[in-house]
Amino acid sequence: MSAVHEPPVRPEYVAPQRVASAAPQPGRVERLDWLGRPAILLALVIVWELLARWVDNDLLLPGALQTGRAFIDGVASGELMGYVTVSLAILVQGFLLGVAIAFLLTWLAVSNRFGRALIDTLTSMFNPLPAIALLPLALLWFGLGKGSLLMVLVHSVVWPLTLNASAGFRAVPDTLRMAGRNYGLGGLRMVLQILVPAALPSILSGLKIGWAFAWRTLIAVELVFGSTSGQGGLGWYIFQNRNELFTDKVFAGLATVILIGLAIERFAFQTLEHVTVRRWGMQR
Amino acid sequence: MRATAPINLVKPEPLLRAEHVTLEYASERGIVRATDDVSFDVYRGDRFVLLGPSGCGKSTLLKAIGGFIAPRAGSLHLGGKPVTGPGPDRIVVFQEFDQLPPWKTVKQNVLFPMLAGGVARAEAEVRARHWLGKVGLARFADAYPHTLSGGMKARVAIARALAMQPSVLLMDEPFAALDALTRRSMQEELQALWDEIGFTMLFVTHSIEEALVVGNRILLLSPHPGRVRAELNSHQFSLASAGSHEFQAATQRIHALLFGADADAPATQPQPAQVQP
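Protein sequences, first through last, are from chains A and B.
Using the working numbering, you'd call the opening residue of the first sequence number 3 and step up by one each time.
Using the working numbering, you'd call the opening residue of the second sequence number 82 and step up by one each time.
Hints are computed from structural coordinates only; laboratory data are not their basis.
One thing to keep in mind: the hints can contain errors.
What the hints assert, rightly or not - Label-pair restraints from in silico Cβ distances:
#1 B:G324 - A:E8: 20 to 30 Å
#2 B:H101 - A:E14: 55 to 65 Å
#3 A:L256 - B:R210: 39 to 49 Å
#4 B:D223 - A:L274: 16 to 26 Å
#5 B:R210 - A:R286: 26 to 36 Å
#6 A:R179 - B:F340: 34 to 44 Å
#7 B:D223 - A:D75: 46 to 56 Å
#8 B:G341 - A:D176: 29 to 39 Å
#9 B:G341 - A:H7: 37 to 47 Å
Here a beta-carbon is modelled for each residue, glycine too, at the ideal position from N, C-alpha and C.
All chains should be built: construct the whole structure from the sequences, respecting the hints.
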């Protein structure tokens, strides 16, 4: 007796085997990122230019074209490049020093429990403290000179990098650590061959944040500080031109700050990420 | 096809000997006793299975043999020497996929422990190629782990372990994270590799069927804390005999031993009478 709700019994069949069905070609995913950004930038520049023409006051708001001219003049005469070189030179020194100190602190934070408590306390105290707030103290200790600049830069790099790197080291999976010990790795070889690569996504993002903090801190410090031993940086260039009411040069200086920030982010860090953590599937 | 159980009149020396091993580890709620007075012997060529429900300390026991945990009491000896720490003579295959460093390609992953252990580069290359071929991954030598499926990652881990030619291969639920179909083919491949090479292996699982299929000798552990419940033979079973009457009976016997039901109970429960309308 088959009930009404019982499904029918159907014949079975086995599909014949096919030879190598054509796999779908991997299609290129469109990168709207690259297409969209120039368009947005262009629109912003047009809005800026229109706004400047409407305001019609070169001292308050120079237009995009005028700023562009000032920028090109600055580059062509080598004046702007001189300031950029001074800024970048001090930045690289401060950044590298900060990275070195951050790795020492990270080593302390992951090697023993006391170190961990100490570094956790220090990072939670100093990470929220804006580096620029230390400038008066730095001037008191190191005077008007490179020492003060370095101290403030180091402060802006050390804490975010230590925070990220030590979090990265702690997040290395136990399985990976055990695999390393299984192969007889220990000490420095364990650190270099297992822990550092495994923590690389966090280390890279720490470096990125540290770099961004250092860059903005440097410009801010140069604005306050002026020049050291007759050499000024980009911040000084902006400050000086505002004093002399070359507002178009002020804008050109600001544009340079933005461009350098973007360039390092794009070319240095993104390239680094592409050849490492993205290639390894550790970061999307 | 399958090697029959060795019938030796003179008993060979065990390769791995665990004597009265008590293991403890610290957790948030204090000291937890993982195993209590566990003893067993593993002989060369054994496919020795540690089987039990979660909490029986089988994984902890494997980690102790791996040298990651020191026993609280008792002793572990490998080839007559006490186990004091991790070493490349006992390579562990873990369950987790992150046992493969993601920054190394498949081939680099297989090379890694050999180079770390001081094997010459040229010889390591030859061995890596050989073992990747054995697990069917020769074409994927330059792929990064994140592009592989779970089964392929497990194969890489097995190739990496076997390339080290360890005294004993320690497998910690290596197929537990795989889907059922992949798990089955991995069991087949492991069996084929063992038939061909005859390595010694210690295999942890919580699946009775897997224990019967993979192992030739099963140590049953009861939980909280892990104690030896029984030591059984399973060399007569393989994937081919899974589903046979004997296999079903063995499954039910182990189930009864583990879960406290009367081991002599009939294999099939009487079905409640069907009420016909």
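For which of the previously enumerated hints does the structure constitute a violation, in increasing order of number? 3
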